[in-house]
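Asker: Bring the two chains, given one by one in their own frames, into a single complex with the hints.
Single-letter residue listing:
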Amino acid sequence: MGALGDWVWSILLAGGGVALTLYGVRERMDPERSVRRAVAAVVGVGGSLALGWGALVDEKLRGTAAGVIVAIVVSGVLFVGANRWFDQAEARWRRFGALTGGVIGFAVTGVLVGNRLLAWKPVPELDLTPWLVPLGTVAGAVCGLVLTGLTERRARLVAGLGFGVGYGVLAGLFIRPDIFPAMKIVPLLAWPVVGALVFGALAAGRRRQVLRAAILGATVGWVIGAWLVPALGTGTRAEAMSGATFLSLGSMLWITSAPPRTAEAQRRLAERSRPVIFLAPALVFIGATLVIPTIRTLYLSFLGPRGEVFVGLANYVDIFTDQEIVKLEKWPQIFTSALFYWGVGLTLLGIVAGRIRGRRTGRTFEPSGGSITPIAVGVFLFVWAVFAYLRGTIFNNLWWVFTVTIVSTAAGLAIAVLADRARYESVAKSMIFMPMAISFVGAGIIWRFMYIARPPTKDQTGVLNAIWVGLGRLSNSGTPRLVTAAVLVAVVAGLVWMAWRGWRGGAGGVVAGAATAILGVVWILYRLLGPGLGGFEIGPNGEVIADTILFIQETPFNNVWLMVVLIWIQTGFTMVIFSAAIKAVPAELIEASKVDGATEAQTFWRVTVPQIAPTIGVVVTTLIVLVMKVFDIVKVMTNGNFDTQVLANEMWQRAFTEFNFGLGSALAVLLFVSVLPIMYLNIRRMQKETVR
Amino acid sequence: MTATAETRPVRAVAEPPIGWRLYRLLRAIPTWVLWGLVVVWSIPTVGLLVNSFRDRDAQRTSGWWVGFVEPGSFTLQNYRDVLGSGPTGGLWDALLNSFAIAIPATVIPIAIAAFAAYAFAWIEFRGREWLFIGTVSLLAIPLQVALIPLLQLYSGGAQWTIPFVDKTLRLFPDLDLAGSVTAVWLTHTGFALPFAIFLLHNYIAGLPRDVFESALIDGADHFKIFWRLVVPLSIPVLAAFAIFQFLWTWNDYLVALTMIGGNREALPATVAIASLAGEFALRENLLTAGAFVQTVVPIAVFFALQRYFVRGILAGSVKG
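Going down the list, the protein sequences come from chains A and B.
At position 107 of the first sequence (counting the first as 1) the number is 107 in our numbering, and the numbers step up by one without a gap.
At position 257 of the second sequence (counting the first as 1) the number is 257 in our numbering, and the numbers step up by one without a gap.
Looking at chain B on its own, in the form it has when it is part of the complex (with noise of 0.2 Å):
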């Protein structure tokens, strides 16, 4: 980038003054369109930021823009309010159960994936490519399909009637998991696989092969490879994966509303400021400070490890 800064305009003294001037100004254009684009990409999310610092009086009768010219009028009270334990709190609880379902949905389908991919891409069974390509094609479907069902499993269990002789099997117990956190992240296990084994077999299909022929010279097995061998070289991949996930689970809120439903002990923050969002004008004032609260888990583990996330994207949308 330097480099080419400096070399064009070498090129542009050879021309007279001015039009070298406004050669310089029409280079430094994409410069600045993008730096403006870049400004009003971030006007919501600033506006809300500073509404977050301002009492409820100040946010209904002057734009966020005002907080910068009267800076006295900033308060923490929002902040208070939404975290603390009174009638218009409960996001600190609703933030625990946020972790409470990202963590297993992230760490459980990582295992899981890595597992599955790896014997897709390098133990040799039949059936394979036909039963990997079907597992990933799986990446499209709706989530929507599984979630009548799903509720039904958690709230009752799975039964089966024999056809024609009426005698029924249970095939899962009733575990009366709807209302809880571990039927959110057990759905979100499931639901990640498809995604996690197309991403992480990418990758581990990817890794040269002598490395595995001379492990087997050397008589491991396939557990001891994967652990020794393919789990320490993919660690990009998994890390790329694992935040991919997080911030997915955590910012779920399909799932987690239809399996909660009106437990209000489970519920993660995003169920927790959309229902405040639904009581529209009454405390409006909190809404921001709450989005803010939810939001910025998710963007200190984007900006602070971007690099693996953007590699994430990148290895499941875009090939070679």
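Isolated chain A (complex conformation) (with noise of 0.2 Å):
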């Protein structure tokens, strides 16, 4: 299309959408119309003026409009099309007749044209093929005009007769040679009886026509004999004639053998015609996109690299025995890890702080916050330290979906409640919910930069390895040492008499947080004054020189700072959904509580967690499904080296770098097969609200 086509366009468009303004200013009547009019006016004005300007601009921005508009108009014109298509089988009845028939004659033609099946060349060097899709649809267009009129059933199966034969003969002289079947008697003849009886027997127990269905199965086993068991190409162009006009002559004596429609038959068809209009094209998308995409991802995944040979189960021992993928060799340097140690203790001291407790309750364990924290905590060590030394990219993925499931759950909760208390509530929530609107992509490289380590000698760019550097020459250096030592003294005093007023007034949670924070303190305190904080050196010369952390490189810990980004991502998305879920808890509830003299987190555990539980159920099954496909982070920030390889990366790299279908398709089932346990309490949960 030149810039001049864009121009006459533009007018055209730019004319009709103010003609239909002005109609519909005049109109104004109805409201809905003129409302409908003035979106066609501002899609008519707004496209021409883009396409127009973009005429001008350059080609890119015109091209990208055309696009745009074409691609929506198109959607727009076929749905309403098909309304209106329908609408006629009530009101007009031919008309509707020749509509169907015009349509279907475009999708046979179309059909058979797109398949290379005719051919019309005239001369050898004029190609008319084209032109044959608009001759079957006036063709189509011909027959349903005439066959709608037609009401008695003699003369229903003459015109079906004669309309057979005509289609037959005609479509004969425009198939290509090449695809001229030499036919054999047996199959042909076979066939037919063959499908008359298997259709007709179907029918005949169902209590439906036998004779049009025979009819059917005749056409059906037909199209085997004439077209499918032959070989094409060899044979003569009356063979392909007759296997053209039996074919046509066998539907159409199948259309025309059904009893014309009443009105009421005519009415019910408009009725169920709609919820096919309405899904259609969902369904349509869905199928082709996701369905069917899916089933043959699953087929390949059985096939070899190119998908030309059966290897059967070959992909799948593939990835479990590949040493990228499954690595176990470290598992014994699980039980020497600090990781490890930690959270087994932490564990430990819960189950003995719940028996102490249950002592007094005199039941064997008790569930509170003083016990089911550090098992909680030690519990989540206890696997980490598993991870952090079962390597591969599958116990990554997991580790994965571990972390950032319970992080972004837990932190956005948290966050939830303190929002709820503090002030500027809303502005704080968007903030802290802004990286939703930012790329993977984006977070990636924004991350890269808090990530950065520049050499020892030279400053700190990224945050991160500044502070930590800082930390170092802070420890080492005089006056600054003893000061913040000083503050640090300071904030454990405020602490401890935080904790002695907490002890005097019977709060537990304010002495438990605040010897919490004593110890966190103390310990800072000590590294401080002795060892050293942060990340230092100490040169031959007694030089300090800068030790930073390579966050990206580091293994296995670079996969946390990665799993980082998306929890900082995603700690919105679920504090927005705790926030509104714990606003929704009934105010009496919170009340009552209150007034029995619950503590507020006595409150909290007891009345708005459960309270709350289905939407944690909710954000931690969506968590799930989106922590497992991860991808553009690992993509885009160490595309898998350093170990750090998770599954959609894997398969990506390995179906779309080295064009091996079959393992990538094979990797695409197992991230499936992961996900499927979802989608089976998904769909139980959508089951259990259709019934509600």
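What the hints contain is simulated information worked out from the structure, not anything from laboratory work.
Bear in mind that the values here come from a model prediction, so they are computed numbers and not experimental data.
It cannot be assumed that every hint is accurate.
[To be verified] With a Cα cut of at most 27 Å, we get these calculated DSS-like pairs of lysine-lysine:
hint	chain 1	residue 1	chain 2	residue 2
1	B	167	A	121
2	A	594	A	583
3	A	583	A	458
4	A	184	B	224
[To be verified] Rough simulated footprint, nothing fancy, chain A against chain B, three-plus residues with beta-carbon under 8 Å:
hint	region
5	47–61
6	93–105
7	113–125
8	190–203
9	211–223
C-beta: ideal position from N, C-alpha, C; glycine also.
Answerer: Put into structure tokens, the structure is as follows:
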């Protein structure tokens, strides 16, 4: 399309838009109509302006605008057209017949021409094949118009016979010589007979019209016997013509042998077509982009790299024996790692605490903040210890799912609770929510600058390493170190005072919180005054050298730093959902528990959490599915290097850089299988909701 | 909020002043912690924004926070380079491609999903519930399972070899879509539908029944009801989904990378900045500006229409 063409289009569109607007304004009686016209006008005027402006500015913009407008207008016209088409079924039956015939003619010739079965070359250098499609459309329309006009049974059958033979012979004239079938008499006769018998028997079993079914069966049999079984390209035109004629005749007789529709049947047709028209676009898209590709991926996963040879389960065996995908050899280190001991220790501590509390209440184990918290943290650390040493793509992916899901959920819940009693809540919440709007790629880049590590002799430009190295310098300095220590001592004193006040006032939560904080600060104080805090090394001459953390490269905890990016994005999502859920908890419940003398913590754990439990379930399942297929962050930040590979990136690399479609498909199937339990849970939940 | 903030201290007046002050301090702790978190949460983005205004040398030798101390070093050169037509530029074209993907991939699924959601909610037909649950359960499907067949479809069409008789039928023409923005938005359209239908159905099914009944009595058919009643009443949820889908398609990387591959002409902004990031330290200074330009569109949409966005997220995950 040249620039001139664009201008013509623009003027046409703009003119149409303006005319529609004027028309809409004039007919102000019907507000809904004028709204529609106004939309049309906006599309027309806006589109033409965009096109015209694009034509002036640059070709790229013009192409973009044109593509967008064409796509949107075509889909709109298709949908409205389909509705108008079936609207005719009730009011104007013959017009509906003509339309339907036209559509069927268009579809049939379109498929035949598209599959290169028909050709029209009156002289060798003139190819008129595409014109067969409008011809077929017109022929179909004529047929539809005539048939819907006939009500007498015999007339319909005669018309069907005529149209059938006519179209068959006509089509036979255009069949390409290279598909002339070399017919053999046995299949040619046997298949229609078999088809007629099978279909007829089926119809008899279901008490339908046996003869019609037999005609249909014979036609299907004919397609098999005349077109599918024989070798193509070695037959004669006579064979091709007869092949086409009997096919066409069978189809037409099947159509015309049905009794003409009564007015009631016409109305029902218009009514029954509605769900189909409303659902067809969605189902076609879902089928074409999700359902069929998924089945095909399953099929491809049993084939070789290029999809040519059947290899059975070899791709799956490859996955689980690949040294990079399942790495188990470091497992003994789990039991020597600090994480393991912390995890086990905390868990035991929690169990002991629960036992001690339990003695007072007479139970074996008393769940409370003092027992559940250490157990939860302990188990978390223990699982980390396992994942830090069981390496490879699959375990790494599971580590992602475990960590991001739990941390995002917990952090989102904590922030939601916090925000519920803070000032300027909405502003703060939208700031934390904002990363949701940032792409994973953008987030990866943003965090890359956070994690960046410069050579030790230079200034650190990444925030985290700057703090880390800064701490190292601080703990090797003179006065600043002492000043910091003094401040920390003051903080400890303040915390001790708080704990004492809490103790006097009987507020257990304050005591516990202050005690934990005191432990933390005392530890920092010890590191600061003793072995030193932060990243530094002492050089041979006693000088302080910066010792940076290579966040992206140091395995296995570089994975955690990548997870932080996703947590940073997703916490906003969980927070918003939990915030809404918490606000939806009935105020009477909270009030009642306060009246009963429950503390804030008790109210939260025993009233709020059970109330929002379904929401927690939804959030956790959503996150699991999302994290399971994490891709962009890993791809952009490490591309799976440094032991950070995840399933989605493994799949992408195998499929689209190594072009091993078999293995790529198998990995995709693995990903799919891993979310199946979640899909099952979702279906169960939806079933319950629809029943309700 | 303000009401409770005013009443609480009044109750505390009875206590000794020192306790009151401590109480107020403790009351303010959530606010302080929350705003501390907000600062932590914003640092990465702010750092990128500040760095994008600093030249290559400044970015490499000092942290972005130094920029506040030496404000003289701010420059727009990174943006000029990355948006310009020079060898380092091209992001302008990539932004146009992003629009060419995101607009149809937002508008078309809305329409299609609205039809389907209406049919699932208000048209009686056999197998409706079964079909609805089947459709919506596809929500959780990882897109990866569809990528290889879809790419094959776009680059070579679809054929079916009929078993036993060895004849091949062409089911979908080879339109040579691979490497074009059309392939990307077609894919997004399909992938978006389960969620869109779910979201819209939740809303449309909740519209009051008597509205429909009186319309049916007046002789309106489903097409009229859909256009005259359902669409105008569903504007909030349509907007919510539109924002959701726009952000999703604008920010998508996987589908665009797979379907467009190496065609530099058609790359959207995410793929463009990711490939800039792939060149490691070479043009890192441009990366800041590039990432910010890519991010500013969704952030603008987000802050302008946050209310609808939140509503969409809530409707998608919290029922009732």
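Asker: Please go over all the hints and tell whether each is borne out by the structure.
Answerer: Outcome of the hint check:
For the given pair, residue 167/B sits about 25 Å from residue 121/A by alpha-carbon distance, which is consistent with the 27 Å threshold. This hinted pair checks out: residue 594/A and residue 583/A have alpha carbons roughly 17 Å apart, not beyond 27 Å. For the suggested pair residue 583/A and residue 458/A, the alpha carbons sit about 50 Å apart, so the restraint of at most 27 Å is broken. A C-alpha spacing of about 56 Å is found between residue 184/A and residue 224/B, which places the hinted pair above 27 Å, so the restraint is violated.
Counting residues of the region 47–61 of chain B whose beta carbon lies closer than 8 Å to any beta carbon of chain A gives 6, which meets the minimum of three for the stated coverage. Chain A is given as covering the region 93–105 of chain B, and this holds because 7 residues of the stretch bring a CB closer than 8 Å to a CB of that chain, at least three being needed. For a cut-off of 8 Å, the count of residues in the region 113–125 of chain B with a CB near a CB of chain A stands at 8, and the three-residue condition holds. Taking a C-beta to C-beta cut-off of 8 Å, the region 190–203 of chain B contributes 5 residues in contact with chain A, enough for the three needed, and the coverage statement holds.
Three residues within the 8 Å Cβ limit are the bar, and the region 211–223 of chain B against chain A gives 3, so the coverage statement holds.
Checked against the numbered hints given earlier, this structure breaks hints 3 and 4; the rest are met.
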